[in-house]
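Protein chains: 2
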Amino acid sequence: MSETVLAPALDEKLRAARTASIALAQASTSQKNAGLEAIARAVEEGAARILPANELDLANGRENNMSQGLQDRLRLDESRLAGLAAATREIIALPDPIGTVLRGSTLPNGLQLTQVRVPFGVVGAIYEARPNVTIDIAALALKSGNAVVLRGGSAAENTNRVLVELIQGALASVGLPADAVQTIDEFGREGATQIMQARGLVDVLIPRGSANLIDTVVRESKVPVIETGAGVVHLFLDKTADLEMATEIAVNSKVQRPSVCNALETLLVDSVAAERLLPPVLKALADNGVTIHGDDRTRELYPDAVPVAEDDWSTEHMSLDLSVKVVDDLDDALDHIRTYSTRHTESIVTNDMATANRFLAEVDSAVVMVNASTRFTDGGEFGFGAEVGISTQKLHARGPMGLPELTSTKWIVRGEGQVRG
Amino acid sequence: MSETVLAPALDEKLRAARTASIALAQASTSQKNAGLEAIARAVEEGAARILPANELDLANGRENNMSQGLQDRLRLDESRLAGLAAATREIIALPDPIGTVLRGSTLPNGLQLTQVRVPFGVVGAIYEARPNVTIDIAALALKSGNAVVLRGGSAAENTNRVLVELIQGALASVGLPADAVQTIDEFGREGATQIMQARGLVDVLIPRGSANLIDTVVRESKVPVIETGAGVVHLFLDKTADLEMATEIAVNSKVQRPSVCNALETLLVDSVAAERLLPPVLKALADNGVTIHGDDRTRELYPDAVPVAEDDWSTEHMSLDLSVKVVDDLDDALDHIRTYSTRHTESIVTNDMATANRFLAEVDSAVVMVNASTRFTDGGEFGFGAEVGISTQKLHARGPMGLPELTSTKWIVRGEGQVRG
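Residue numbers (our numbering), protein chains in the order written: chain A, 1 to 421; chain B, 1001 to 1421.
Derived from the structure by calculation, the hints contain no laboratory data. Each hint should be verified, as a subset may be incorrect.
A few chain B residues facing chain A, derived, Cβ under 8 angstroms [what the hints assert, rightly or not]:
hint, residue
1, T1106
2, D1328
3, H1396
4, I1412
So the derived label-pair ranges between C-beta atoms look like this [stated by the list, open to error]:
hint, chain 1, residue 1, chain 2, residue 2, range
5, B, N1065, A, T19, 28 to 34 angstroms
6, A, A86, B, S1030, 29 to 35 angstroms
7, B, G1417, A, P52, 44 to 50 angstroms
8, A, N109, B, Q1068, 48 to 54 angstroms
9, A, N109, B, E1275, 43 to 49 angstroms
10, A, T19, B, E1220, 50 to 56 angstroms
11, A, R219, B, A1007, 35 to 41 angstroms
12, B, E1220, A, R338, 27 to 33 angstroms
13, A, A86, B, A1172, 29 to 35 angstroms
14, A, R219, B, N1060, 27 to 33 angstroms
15, B, G1188, A, S28, 32 to 38 angstroms
16, A, E416, B, N1060, 46 to 52 angstroms
17, A, E416, B, A1086, 27 to 33 angstroms
Stretches of chain B that chain A covers, calculated by requiring three or more beta carbons in the stretch to come under 8 angstroms of a beta carbon on chain A [as the list claims (entries may be wrong)]:
hint, stretch
18, 1052 to 1063
19, 1121 to 1133
Idealized CB from N, CA, C, for every residue including glycine.
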């Protein structure tokens, strides 16, 4: 049903994934859990094959001047493999979403209507040089009854090839179709371009990685996409904010892991409380290595700040840089957030109930928080097991994506010969 | 946030829609219901303005040799206006989806997590020459707290302009923003092309109409799309099927309204029962004016059938033409459906429990039925009030789309100063 001509070998892989997805959709929870246990064991016992392949990717990375940050994301060791096995076993413990009845009714004419969760079918994932994503997505896809086609980035190609081979062996060992998890890394960039055209063969495409990668997929894909977007994340210190809480939440949101999408990028403070809150909060941040980019009112109160640029308000720095603005009031804060937020996560520190309620109601983001660190926007923290990514779009999934977000639904209608009058 | 340069007047409309959507998202259920009542009254009392505009569109249509079927869809009269007002009032009676809590938990660290329904924001709809869709979509969008931007097709331009003016007056009369419902018909085809590019200004785009229109939107849109697709709808007569039930369901599915997407296109029959079932079922269909396109085995049993062409299996005729095939067994039927179905609606007539269960589990369509007419796939029949369309994609919405399908969700996190360890 796809209109574009795919490379024959890729087309064959996608059709094999479709066939596997048909079997997987009917697999029982215990079969799928047996598959997950086999994957966990294969990861634990496969170190002798995985680590040399990973070392080869790392050596290539060093040769190509890969950044330290990317090298760190690419690196696997015994302890990380144990973590991946443990994460896979956590998914065994989660309820199987497939077959859950979401709604139902008996119509006046006697027809019995139920809406049940079903797998998507074939899920495509495009991501960059993070081999842990290979295991996470394969495990979540398996539990939710989906076949998955992975494009993991050339920088992790050797590691991913071994991981997928181990996963396929694990699936086959429990009688599940090995083709349910496949890599298309061998097709290079062309493979990624082609699965974006494979409407009818791939049911949904999930890009996970840089803003650039995600933009490309959103722009070019004819397969429906779940966008896992960048986070220009805001924290607003209301005039009633407790100083200690404000400081702890600001520092944790910014510093605990600055390179991720739920890390803080912009701090807003109510002008009424700016004098009380800003100097100590910004000093605590600076003590933790944060560079403050302040607007004029911020720099009056905290002269060490460098001037903020207009661009900063819409930038996901992913570094220890923080933009800071003194706003007139809650309305001004909401207005700033509306203008610059990527609608990922925003938090407020406040002791005022009405202010908290307005912030929760009016901020239109995937996750809106009161008196909590923005770093909690995370599938693991939310109790979803591993996560497929954090959706910043409004269609289908919003926020951290766990198992239910990898499913569709279908309507079942049971009759006794009813016809329409 | 949109990358494409829109015509300034269109850009202004979309920004006004965004502003209206912010107010509408906070509107109470009783305010929205008051708006719906005002719309119902405006439609009832506006006949003197609506009908002459509709007559103008019809006259233009006749001049441009518009088909009788399209003229019928375009035509409004007092009784149809009363029907539209009644449909709007039915939506008043439906529960407001906004604010519904879908999931929630208290995390081990004490954070309180709730997932609530929120409006999309700005919904775009592109459809063809059916002024009733203008009222239906505006009413559903209002109840679900969404602003809506309508491109209703030039053939209904005069009718839609008056309808939108009346709706805007009704909204304003109860203190809701008039910009919550706007038409962009005055921008012609260019308007449709441009809203497909308005990522960031329009949250979701719903095309409703011909396969050609939908294909274009799916291919070109950078705004997320909910595809309301064509229906190549199948009915399978199992070997245990009751003859009378099989006949009634086949005739109703095909004949009751052949021009719509839930009408039957292909009849499959188990070879074991073909001799018993096919001749009388096909005769009943022929007596109702249906032209039978049969495969070889069908034509042996029913010589009046014309030979079916390979193309017929994948064609939505929307006419009194029916493709008929004798299949070897259930597996063969499932295989045929997998190959040719557009995954809209499939039904089986059977008295065998195991066969029914396999059909329900293995057919991967938006709606799967046992012993019921395919014509029941309909938002009104399902109890959703008016419908936005019938989604044939798996992302976000599947099957008839009512109010919940016009919503997104957001996560609310309430803490007491928690930070991540």
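Hint by hint, here is what the structure shows:
no. : hint                                   : result
1   : T1106                                  : violated (10 angstroms)
2   : D1328                                  : violated (19 angstroms)
3   : H1396                                  : holds (4 angstroms)
4   : I1412                                  : holds (5 angstroms)
5   : N1065(B) x T19(A): 28 to 34 angstroms  : violated (48 angstroms)
6   : A86(A) x S1030(B): 29 to 35 angstroms  : violated (51 angstroms)
7   : G1417(B) x P52(A): 44 to 50 angstroms  : holds (46 angstroms)
8   : N109(A) x Q1068(B): 48 to 54 angstroms : violated (31 angstroms)
9   : N109(A) x E1275(B): 43 to 49 angstroms : violated (32 angstroms)
10  : T19(A) x E1220(B): 50 to 56 angstroms  : violated (31 angstroms)
11  : R219(A) x A1007(B): 35 to 41 angstroms : violated (21 angstroms)
12  : E1220(B) x R338(A): 27 to 33 angstroms : holds (28 angstroms)
13  : A86(A) x A1172(B): 29 to 35 angstroms  : violated (59 angstroms)
14  : R219(A) x N1060(B): 27 to 33 angstroms : violated (38 angstroms)
15  : G1188(B) x S28(A): 32 to 38 angstroms  : violated (55 angstroms)
16  : E416(A) x N1060(B): 46 to 52 angstroms : holds (48 angstroms)
17  : E416(A) x A1086(B): 27 to 33 angstroms : holds (29 angstroms)
18  : 1052 to 1063                           : violated (count 0)
19  : 1121 to 1133                           : violated (count 1)
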